[in-house]
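S.K.: Position chain B relative to chain A; hints supplied.
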Amino acid sequence: MSGKGGTGKTTVAAALALALAEEGKRTLLVEVEGRQGIAQLFETQALPYEERKIAVAPGGGEVFALAIDPELALLDYLQMFYKLGSAGRALRKLGAIDFATTIAPGVRDVLLTGKACEAVRRKDRSGRFVYDYVVMDAPPTGRITRFLNVNDEVAGLAKIGPIHNQAQAVMRVLKSPETAVHLVTLLEEMPVQETADGIAELRAARLPVGRVIVNMVRPQVLDSAGLELVGSVPRSAVARSLSSAGLGGARRGGHAERLVEPLLTQAEEYAERYALETEQRAVLAELGVPLHELPLFAEGMDLAGLYALARKLRGQGVS
Amino acid sequence: MSRRPEPAQDQGPVREHLSPARTLEIDPLIEDPDTRIVVCCGSGGVGKTTTAAALGLRAAERGRKVVVLTIDPARRLAQSMGIDSLDNTPRRVKGIDDSAGGELHAMMLDMKRTFDEIVEAHADSERAAAILGNPFYQSLSAGFAGTQEYMAMEKLGQLRSRDEWDLIVVDTPPSRSALDFLDAPKRLGSFLDGKLIRVLLAPAKVGGRAGMKFLNVGMSMMTGALGKVLGGQLLRDVQTFVAAMDSMFGGFRTRADATYKLLQAPGTAFLVVAAPERDALREAAYFVERLAAEDMPLAGLVLNRVHGSGADRLSAERALAAAENLEESRIVDQPDGKAGLRNSPDTYGSSESPARNVTDSGSPATEDAGGAASEDEPTATDGERSVERLTAGLLRLHAERMQLLARERRTRDRFTALHPEVAMTEVAALPGDVHDLAGLRDIGERLAAGRAELSGTP
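Sequence lines, in order, name chains A and B.
Residue numbers for the first sequence, in this note's numbering: -19 to 299.
Residue numbers for the second sequence, in this note's numbering: 2 to 459.
If we strip away everything but chain A, and leave its shape as in the complex, we get (with noise of 0.2 angstroms):
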């Protein structure tokens, strides 16, 4: 799941996330951006690095948690791979784990994708996948390609040994048909036109897109034949509606008629807005990609607002 700073990626990959743990299903959220986001969504405690409960679906599912944190990967991933138990520490001592991590070309990104695709790919003893999911609260609209992608460089950077096979076999998971990236995007011009650049670079890479979410869609309030009277309709008749709603006198200078031009012009600039989204929406159309729309919520983001947005989600079949 990505999309452009601030159009609620983090929100809407939470509710998918619960989205898809209906039925008795179970699914990893996992997060790799450090701001536990998601621990503020939920309302629990910041996540560790570890998976974590942290929701009930309706009808049994489960919602785990995860927040990668790129240090703790990387020694656990040495530890795993290369038993470096004190020879991970000294590398860290010596400043090794900070520059791979901050640093390195891609060495985190590596982690990050790798973590998440262990945990796709993890069974359990009776051979069954442990999530039937996972959904990852991914970075930005603009650095998502390259963010999938690093695996690809660094597998051609490191053109033997154990990380080009290990970033090849991420690579493997993240083509396969069994991911998708979603794109949240808002019905406004940057973000559109950033979701729009990285389909196309998505499909450059031969990343496999999933569909459009529209967030924040923000409900119609004037139709489109009240829209056109906005413009043309008598400031007198409009002041003497708003008197007989009982609010004051509609003569010049009266309660009612002083409200008639702040309200039009509020009018107007919901008309803006409205043409401005509804050429979002066509641009959006061209993509070739579902498109999917999710209410704002004007008292903000909580958890109950994120439980009817999952059931959005599943109305409209993205599940």
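Since the hints were made in silico from the structure, they are not lab data.
Mixed in with the good hints, there may be bad ones.
Derived pair list, reagent style BS3-like, types lysine-lysine, alpha-carbon separation capped at 30 angstroms [stated by the list, open to error]:
| no. | chain 1 | residue 1 | chain 2 | residue 2 |
| --- | --- | --- | --- | --- |
| 1 | A | LYS155 | B | LYS113 |
| 2 | A | LYS33 | A | LYS103 |
| 3 | A | LYS5 | A | LYS155 |
| 4 | B | LYS262 | A | LYS139 |
Model, not experiment: these values are computed from the prediction.
M.R.: Then chain B, alone, in the frame of chain A:
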């Protein structure tokens, strides 16, 4: 750093009367010849780049020679300033009002180009070619984690040292964590100073120099471990790269330190950009705290996309009640004919769906204009009913706006309570995006007006 938690005041009624402790005065800041650098930081999607561009334009039109350094701006915004290609050099923006003698230049950061330039400038041509051709370098410079931040700071240092501009306005990269751009130079510095680099350099230097002595067992074990993890060929690439860069490291470090100090200097002003939303302001609070911890001079907070209303005396509740009144009256009034509104007999015939009337009646707009204007007598025509419906819509829109206002005010006041020391300016929301210099100028006006859109009094 003075952070005062004030939980006791966090009550509804008290909050209503809180207003920003100080207003951020933009004009004195950008006009002051001592202000040489303005850094705009903030989380993604809050209008950081637009703010940087608008500030640059305003400063230029007030007589300063300005360069705006943007990082990956939206295409149309870049076009509005006349930059559409990534060429990494400042370009003069045409069409600004230069009567005050100012100039506006703008540039987009090209990470790879900037990195290449450093290499070319600091290594002889043979060595430069070796570095530029190294696969490890090619990946590094193409912009993996931290490089963009580091290069933005590097470019800032370059621009500043050329001393060609009165004012440099920087838009910070959309980092995963808010202040990567502050950390990147330091991190690079500590890496270059660290033992790791000596370990990496060691094998390349094996030639019987005095350094051999230090290549003790521990170190060779280390290289062994690295080789095991990275794979021999990658390790060799890294080593060749590090060895080739060796001569330049001193320069890197010096410049990283210099840029960091430059940011702390009095000529620099940080502006934290945010929108009146919970997440954006939470990030903003984090920025404010980090900047204080790093001794970076914070000028204030720019709160973008704030909504106001010309009719804020009318509360959301009253507007909604009135809207319901208008919408229901037609239906409610029918059975007993109690005309709370000026209903005509016509109303009885068209009770079911208000939406229908208009769509059925062809072009309602012209009809209404004629009908309503010519009649003073309250006989409800189709036109009048559609005016009523429109009015109800207007009231609903207004209620929505007032609720938004209240929410934004609460969010802002929460921030102000935590950071009363931070000066703030509010910029009204625009319905659309900015596409040209006029739009940027408009935003500049709003920035400078420093008006508290949310404070209640227009």
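S.K.: Which constraints among the numbered hints does this structure fail? Numbers only, ascending.
M.R.: 4
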